[in-house]
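Peer 1: Residue numbers (the working numbering): 1 to 369.
It is possible that some hints are incorrect.
[Claimed, not checked] Have a look at the derived ranges for each label pair, beta carbon to beta carbon: (1) Y169 with N336: 29 to 37 Å; (2) I335 with E220: 53 to 61 Å; (3) V317 with G178: 47 to 55 Å; (4) V259 with Q82: 29 to 37 Å; (5) V212 with L272: 18 to 26 Å; (6) K85 with V328: 17 to 25 Å; (7) Q110 with T11: 29 to 37 Å.
[As the list claims (entries may be wrong)] Mimicking EDC-like on lysine to aspartate or glutamate, the simulated pairs with C-alpha atoms at most 16 Å apart in a straight line are: (8) K69 with E136; (9) K230 with E132; (10) K76 with E24; (11) K230 with E24.
Keep in mind the hints are simulated off the structure, nothing from the lab.
Cβ atoms here follow ideal geometry from the backbone N, Cα and C, with glycine treated the same way.
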Amino acid sequence: MSTFQGMQLGTPETDNHSVFLPREVFSHVAANETKETGLLVSLAFDPFQVLQELHAFDSFEENHTVASKIVNVFTKPPPLSQLSKPVKITMQHSKNGYHAPQCVFWDYTQRGAHTKFGKWSKQGCYVFSRNERYTECHCNHMTNYAVLMRTTEQVLGATDERVLTVLTYVGCSFSIVGVFLTAITFLSLPVIKSEITKIHLNLSIAVGVAQVLFLAAGSENLVQREVICKLYTGLLFYFFMSVFTWMFVEGVHLYQMIVIAFVSRNMVKFYLALGWGLPACAVVIASSIAREGFGTSNFCWLSSVGGAIWGFVGPAVAVIGVNLYVLVCVLRVRINMNKKEGSKAQFRTSARVSLVCCLFLASPGFSEC
1 MSTFQGMQLG TPETDNHSVF LPREVFSHVA ANETKETGLL VSLAFDPFQV
51 LQELHAFDSF EENHTVASKI VNVFTKPPPL SQLSKPVKIT MQHSKNGYHA
101 PQCVFWDYTQ RGAHTKFGKW SKQGCYVFSR NERYTECHCN HMTNYAVLMR
151 TTEQVLGATD ERVLTVLTYV GCSFSIVGVF LTAITFLSLP VIKSEITKIH
201 LNLSIAVGVA QVLFLAAGSE NLVQREVICK LYTGLLFYFF MSVFTWMFVE
251 GVHLYQMIVI AFVSRNMVKF YLALGWGLPA CAVVIASSIA REGFGTSNFC
301 WLSSVGGAIW GFVGPAVAVI GVNLYVLVCV LRVRINMNKK EGSKAQFRTS
351 ARVSLVCCLF LASPGFSEC
């Protein structure tokens, strides 16, 4: 088996599929210096109804179906572990109204809510390239492979899509320029040493970087590479989560200044740890619990698979709730202060200003009151 250098089985043009096996599939045999003859078997067949029905796709979004033949690859002796170089499977897929191909395998070890014999999984497989007729999948293990595709998709017209793309890029570009000009302004202020200015500066940086990353999150070069897309999703998740944690820091600081009327010294290090550290914890926890939910079929962002999106939505809603509570407390303090001073005009002005601050602090990127 030491002479095995890899093998191509079939061609997409004549067989509708092909499989390339790297030399690593028999590397353990060569290492043991055995003279056992290796056996390669590759089969392609139409999916059984039980494998094609939607309820077999528990780990996927709805409206997916098997859009290719199922390709089975078997070797004897089998690989002892995951392959360092992937098996490359090219499969012809249906073009009848299907969208967003995903490379999957049938995992017999998993049990879905409606199937007793396993379910489709993306673990270890990803889309390497695709066109209108074929999808090339790379997988690090030997099993039954197939291509899943969405059966329905809301498709925008070409004109609408161009207009939406232009509006997105123009709007985000103006926002990015404004945010970074704000950051430069904060850096040039003589009061840069104040804690509130440093909080504003960090919030501006988080908003700016998040928006820059957002512009590239739908790039086809990213979406088609599953591992890279997952890493990019984690990075985008981190900076958007940082926006909300720095909003939370603003709320904490405002509460200390006005409600408690006391701010401890040397809080900047604590704020930095809180503002940039909590998002990292959120990313680690979410990725360990719902890694399959990192990245969708057309955008590098969190999906509903495994509840990954709630790793962002939950903390974001909590931060908005806490900041609203802080501003209610601030509003009460300012009203009571003006009542004691006895000025009706000051009372009305203070109430209006506090209400505006409340609206700003409840919105990302505008917590400057």
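Peer 1: Each hint: holds or not?
Peer 2: Okay, the hints, checked on the actual structure:
For the pair Y169 and N336, the beta carbons lie near 48 Å from each other, so the given range of 29 to 37 Å is not met. Separated by about 55 Å at the C-beta atoms, I335 and E220 satisfy the suggested range of 53 to 61 Å. Between V317 and G178, the C-beta spacing of about 26 Å breaks the proposed range 47 to 55 Å. Our hint of 29 to 37 Å for V259 and Q82 is violated, since their Cβ atoms are close to 55 Å apart.
Taken as a hint, the range 18 to 26 Å holds for the pair V212 and L272, whose Cβ atoms sit roughly 21 Å apart. Between K85 and V328 the beta carbons are some 59 Å apart, a value that contradicts the proposed interval 17 to 25 Å. Checking the proposed 29 to 37 Å range against Q110 and T11 shows it holds: the Cβ atoms sit about 32 Å from each other. Restraint check: the Cα-Cα separation between K69 and E136 comes to about 13 Å, which is no more than 16 Å; the hinted pair holds.
This hinted pair does not check out: K230 and E132 have alpha carbons roughly 24 Å apart, beyond 16 Å. Our distance criterion of 16 Å between C-alpha atoms is met by K76 and E24, whose separation comes to about 13 Å. Restraint check for K230 and E24: the C-alpha separation of about 26 Å exceeds 16 Å, so the hint is violated.
The earlier numbered hints that this structure contradicts are 1, 3, 4, 6, 9, 11.
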